[in-house]
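The residues making up each chain are set out below.
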Amino acid sequence: MTIDMSQFYQVFFDEADELLAEMEKLLLALDVSAPDSEDLNAIFRAAHSIKGGAATFAFTDITEVTHMLESLLDRIRKGEMGLTPEHVDAFLVAKDVLTMQMDGHHHGSSVDQAAVDSVCQRLKALSQGIVPDTSTAAPSPSVAAAAPEPVAAPVVDADGNCRFRIELPDVPQKDVDALAAELGLLGTIVQETLDDKRAAFILTSGESQDNIVAICSFVLDPDDLKITYDAAPAAASADTVPGTPAEDPGYGIFEPENGPAAAPQVPTAAADAAAVPAGEVKNYGRRATDREGGSQESSSIRVSVEKVDQLINLVGELVITQAMIEQRIAALDPLHHERLLNSAGQLARNTRDLQEAVMSIRMMPMDYVFSRFPRMVRDLAAKLGKKVEFVTRGAATELDKGLIERIVDPLTHLVRNSVDHGVEMPDRRTASGKNETGKLVLSAAHQGGNIVIEVSDDGGGLNRERILDKARQQGLPVSDSMPDSDVWQLIFAPGFSTAEVVTDVSGRGVGMGVVKRNITAMGGTVDIRSIPGTGTTIAISLPLTLAILDGMSVRVGEEIYILPLGYVIESLQPAAVDVKEVAGQGRVVKVREEYLPLIPLHQIFAIDPQFEDPSQGIIVILETEGKKAALLVDSLVGQQQVVVKNLETNFRKVAGISGATILGDGGVSLILDVSALLRSSRQLAADPVFF
Amino acid sequence: MSYTTQAQTSMEAAGDGSGSEFLAFTLGREEYGIDILRVQEIRGYEPVTRIANAPDFIKGVVNLRGTIVPIVDMRIKFDLGTPTYDQFTVVIILNIGGRVVGMVVDSVSDVTTLAPEQVKPAPEIGTAFDTDYLIGLGTLDERMLILVDIDKLMSSSEMGLIDRLAA
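Protein chains in written order, with numbering that gives the first Met the number 0: chain A, 0 to 690; chain H, 0 to 166.
Calculated directly from the structure, the hints in this document are not laboratory data. Among the hints, erroneous ones may be present.
Stated by the list, open to error - Keeping only pairs whose Cα atoms sit at most 27 Å apart, straight-line, the calculated DSSO-like set for lysine-lysine is:
hint: 1; chain 1: H; residue 1: K151; chain 2: H; residue 2: K119
hint: 2; chain 1: A; residue 1: K652; chain 2: H; residue 2: K151
hint: 3; chain 1: A; residue 1: K652; chain 2: H; residue 2: K76
hint: 4; chain 1: A; residue 1: K652; chain 2: A; residue 2: K579
hint: 5; chain 1: A; residue 1: K515; chain 2: A; residue 2: K579
Just chain A, with the same shape it has in the complex:
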């Protein structure tokens, strides 16, 4: 059940980066005297989303900061507290801290814990209504400690040497000595002790900073190091006496050897640092992050869905054009046009690759959805006192991004339901001879042109009697002779719940109806299989993507129609004896000891067919929603990928037709709506489709 969460970190970091940037933008644009409540809400939401994400990945430090930020924002947006410039400042500092923490998790750079603590204190103070004196509270202790460090470009002296200031973390004295000895080999070194007993070196050397870090890393974590260029006058380095006593207190720039020239710098530098808290002063770790950050940014870009869709459309056109070319050149003499034909072959391959690549932009693994469940199931089970083993299968199955986002809610609901109602309490499971740990399986798999997602438990199963009773109570039309599958569908009726107790988990009966509606809206279907005492499986079937489908082209009379290949099981020419007339019910075809209703396509679409007799034409066996039927057509034309075009863009909905596509010759062909055909083949034939 362990799922490697790290693969989702990138998504979180990308989102969080975006949210932080958004937050900063909003904060900067915020009118403090009259804040727009929409903006405040947006900032709040951003903080909340980051908190949620951070909690998922157990980044507790980020959660803490965002939590404080969130509670303060919450009070402000609810009007319990007025917004002041101090708030905005604190928020901005908090944003910087969050960015730093995020980098810390993302690239492993060091996090200035003091800055984190300071911002937390500041936020806490603000939410308690205390407006801290920003000039003292804002810079964190470590920043303050670092404040005298002037921010300067490397100062290179006449010998090509630079002065580095290396602040060490709290390490044993023997390490400090070892390091001093090592670094001493690079150049001249001065050791000193900081206020908080940590050691610091001033190194004058011709080596690059990276080399110094490399040497230090033998002894300690380079992320804990703080290396800055010492801005003391270049002349000072020459004056620095090797082996200046280690107990020499104070900073490099206070060294008496520096002479009076350094003195005026102190107040300026300190003032600068105070004015720019945390912003300019960076330790080594930060610097490394910035470099890495630069290369990280290009690893993913966020593009609007419209642009992707436009790309998909254009590639669709290209595929059609390519198919047209292929059709035209098929008539050419291969001997005379060998090179043209070769190029066309190349074009075909490239187009196919391009199409696949473009389509994959929209595809995402189901993992994206599944990964949220283990935790949820665990918590739920613990809350309900049940034991549940959660298994996911087929998490790598890919699905269109648009669909994947919409499947989350229905699926959450189904999983909740399974844990709450499906799996029984441990004692009851033991009593009925089952393992006391229930099993909940969430699986995804491709099936034809669809993806089938199943939530299946080994619990008590649905109770047919109780559902029927409940349905009667609610006045739904039911009868005892209803087949199981129809009974199960009843639970999708709005307001239907068989749970005896309404818990805060589920049972209010609003859910299943919504689940069904959401899934139908995505072009999918929900199916329930349940065996009392053995368990329940709820299967959701969704189309993979809405843009391109594998189609089988069939001919009826003069017309060519496309059948989505996912529905086609087989096609055959039946023997005359296998076609039987059923009084008043049309005809049936016997296929492998099974009688299937015959749907003559020509009759539904009022076309003059080539063959009226099924034994002369071809029947295509179609299956949808667990029902099978035989579609009578004149002949099969071929199989191809088609780009689905919406007929309704410029026209109206046509019954029995789900869309249109453009054939290789530039002509239009209609795509049959198989579900509708099977559902209402007889009504279609009886009623005019177009009225």
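Assemble the complex: chain A is given as a structure, and chain H must be docked to it using the hints.
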């Protein structure tokens, strides 16, 4: 009601002195005019894909550079002349509120500018079109153009091109 506004705007456009431009086409022996701004292009007739159980006048759909466009034959709709389909058959591609529709007519003649004083209100009788769909009659020397409010006509339930809303 977008089409009413459209009718008004074409009248108003006609009222600003510069006049408005109409594309003149013939159906049978009558000459009609439609607002040139609704015309996207004029094409020859191409074989269409028939739509099952659609009325006669909806010939079917064609592929117009990747867009599926329905084609209606006005000659069948208004029972004018005998519909023949050859290399001279003309299809006016209209763009009405973002929807693209092709309209088969006998022939297209020219684009004319009509000043407001040249547009007379339509009489109650005498044309194949319901007067609801007419802007008026345009007179141009010896010619008379029946000015059709094409937006209103194509959006009408009578044409059945667009799903009736909440009907």
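Status of the hints after comparison with the structure:
1. H:K151 / H:K119: holds (19 Å)
2. A:K652 / H:K151: holds (20 Å)
3. A:K652 / H:K76: holds (20 Å)
4. A:K652 / A:K579: Since the Cα atoms of A:K652 and A:K579 sit roughly 34 Å apart, the hinted pair is violated (cutoff 27 Å).
5. A:K515 / A:K579: violated (37 Å)
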